[in-house]
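Trainee: Chain residues, written in single-letter form:
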Amino acid sequence: MSGHSRYDPKTGIEKWLDARLPIIRLGVDTLIFPSPRNLNYWWTFGAILAVMLVVQLVTGIILAMHYVPHPDHAFDAIQHINRDVNYGWLLQPMHAVGASMMFLAAYIHMFRGIYYGSAKNPREMIWIVGMVIYLLMMAAGFMGYVLPWGQMSIWGAIVITNLFSAIPPEAAGTSVTQWLWGGFAVDGPTLNRFFSLHYLLPFLIVAMVILHVWALHIPSNNNPTGISIKTKADTLDFHPYYTVKDAFAIVVFLMIFSWFLFFMPDSMGHPDNFIPANPLSTPAYIVPEWYYLPFYAMLRAVPDKLLGVLTMFGAIAILFVLPWLDTSKVRSMRYRPLAKLFFFIFVLACLGLGWCGAKLPSDLVFATGVDEAGNAVGFTFVWLSRILTLYYFAFFFPILPILGWVEKPKPRPASIEASVLAHVKGDD
Amino acid sequence: MFKRIASLAILAVFSASSALAAGGGGHKLKHEHWHFDGVFGTYDKAAAQRGFQVYQEVCSSCHGLKYVAFYNLADEGAPFYDPAFPNPNENPVAKALAKQFTITDGPDDSGDMFDRPGLTSDKLPSPFANDMAAKASNGGALPPDLSLITRARHDGSNYVYSLLTGYLDTPHGMELAAGMSYNPMFAGGDQIAMAPPLYEGSVEYTDGTEASVEQMSKDVTEFLTWAADPKMEERKRMGWMVMIYLFLLSLLLYGSYRAVWRDVEH
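Protein chains in written order, with our numbering: chain A, 1 to 428; chain B, 1 to 266.
I should point out that these hints are in silico values taken from the structure, not numbers from a laboratory.
In this text, all values refer to a predicted model and were calculated from it rather than measured experimentally.
Do not rely on the hints blindly, as some may be mistaken.
Okay, the calculated beta carbon distance ranges per label pair [unchecked claim]:
| # | chain 1 | residue 1 | chain 2 | residue 2 | range |
| --- | --- | --- | --- | --- | --- |
| 1 | A | Asn375 | B | Asp207 | 44 to 52 Å |
| 2 | B | Met132 | A | Ile286 | 22 to 30 Å |
| 3 | B | Ala46 | A | Ala64 | 38 to 46 Å |
Backbone N, C-alpha and C fix where the C-beta goes; we use that ideal spot for every residue, glycine too.
Looking at chain B on its own, in the form it has when it is part of the complex:
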């Protein structure tokens, strides 16, 4: 009888919650299939490389990626990893990229700051000197740093993809605030200060992939998911080794348990 009561109660709880989820307001995120999904998922390196191109040519004019260093892009599991260069600092892509930037360093021996070409150990430079400068250039809105964006939102990868592809014509009768765009996917409400960033052909992919808004959104999401969780592949790989090891150990211990308790009635 207790089991019946318990299962009825659990059933009631679950049906109530699913009814709530179904009836809840807000716009449903689009659910893409991602290469990194699931316990065996890895990053699609080609997509992440294209995504980096989108980030660099479009997003990086307003959004920083301050936790990512140039050499990180060539780490194992990263978009530009090349097995020929186990030391990512020697990876030609990372080196060439870093050199494109001018970094202010110092002070030198005479106390002056000086400019030098970027090194692979430098973090990707942020587009603005500080948050106030970023706000001043963006109509008072702060473009967030994207290093962790896919982990800083519920269902983050789908969120970023949905947001980038979620711009719609303003509904009839709706008054947008100055400088705002209509995007029902935005977590902060229907109006977002970021104008639609991607248009058909915003970038020209070197691998011949057609640069549709969906394709660019998908690629940049792949890249940003890597940026937020760069050790995912290593973690999952170790996870399987650990699971297999623990499983074998548990068999061994269960056998030991049976052996030790063999002559005991219990």
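Bound conformation, chain A alone:
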């Protein structure tokens, strides 16, 4: 940890332990470290995510005690959990809705990072480890959705694993797909290994979260001004100032979570997943969970399969190099009028891509007329996806690098303290 330790063992047993295993020191120094005094509520999503990760781990471990990863029993096992297991009706939807809530919090956390320049020097490693966590979350979420073995489970698995067959057979594309499946189709072996991996990934996420928090403790938090901490007057101890603020935000978030969990538990899922998996009957629409929809839209926006897959993975890969694409000397977009504009369009583009992902590519966004057969023709979702996909990539390159050179930032406060005091006096 940066700076000197704030832990001072007083009792004999604390001194004895501290000399042998300084675990109390680790805990104290993790919680009591100087943080910028101006963090707003967008900064509470890190703590919210930590809580959600624990919720997922605890519910998941209990669910695994009652779940059976076998194609003949998996669907029944979910019903058994919801109908027969004590409080299973609470735990299973908590895990499923909890996954959605975790992604919601992660997306807000990531947008916040982009807006306030939290990815930039000296916090590149925090961001990169965060992207690894996001990738692991995507994999865990995908495999978790397969486990109930409903129609969307199996057909989602078929669509996603088939992406790897976009790799040409000469480059072992077919072999890779069959290796993932454990056979020649998505079947029992696939379900069994997905269960195994779904249990493994969360522990990798925990390990990455430890690295994420460790890396955060080197430069401390970024803040809404993006200005580095200069003096002690710029900071407050994380505990109790931010533990109490985070606790309040966590409880508000849990209220939103509870509303979905208790009053509309099916709203984030798809009704087809209440139909047992049937490899012989393709659903009319195959849609992934809402948190993958933007990437699904990108995949379908490209007419060529391999290029579509590359586009989709490229959309995540480009996030890893964001710290170097944003060339501006100013971190926070609060002082970057142009970047702010492009950022808000970027957020809208992501939401729009999500909308496209939920529609058929041939559906009309708006009709411009009718053809000879009397069918409406007009602007289709595939074209909206294409435009938005182009903007998604253009935002990272070339918009962000160019903005860094051409944009004239607004004047910034001299320090965090100065910005806080100006705000208190009402000149902000």
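Dock chain B against the given chain A, drawing on the hints supplied.
Mentor: Then chain B, alone, in the frame of chain A:
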């Protein structure tokens, strides 16, 4: 200016989507008012009991309900729940119902299967031994198990009600495939393999309710919605306790936050 651009964009998105929804094809489902609707909704026990009668006397000749055990019908929040019998296995309705069925069990000590009267712990027996037998008896169409039907379709309760009341005369000039009926509410197209199952007076209600097609459809939907989501009442009840608890906790934490930050300018 950014706010204006953002709100214009959002407006455009929403107006486009609502135009699409309004102009979209397909037949609109009927929207009934349900006793279980909303955050305070509960099941109408009388309707669900009548619905079970409809299921048993009409639907169960082709459709199973394999995730529901007899004792489930007498659980808390279930149609035949009786507070005098907190243990649903002792509920006389569940016991009498189970006894009406003969269940094949075994093997016994000599390796033979044997028949015994149903127990409350048995699941409701499905009408066919397996899917192939079900298809063979239904002209190749598989009558789905109804345990989850109201959750396995978009807007499931309204869907089931609309489907049951949605049979119409075949439009002029339309050629139905063999064994099919015309029902524009069917999610799989306008033609459904299930013949109209309910007719005026298909069942005789013991409580004197008139057994119109609408009434029976409504009752059986109430029952099937319970079957698909039997813990709904318990869930909503706990939901309110949790919401109230979290709300009070949030007030307490907000107060703590203000107290801790009292002397800090921010």
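Trainee: Which earlier hints turn out false for this structure, listed by number in ascending order?
Mentor: none
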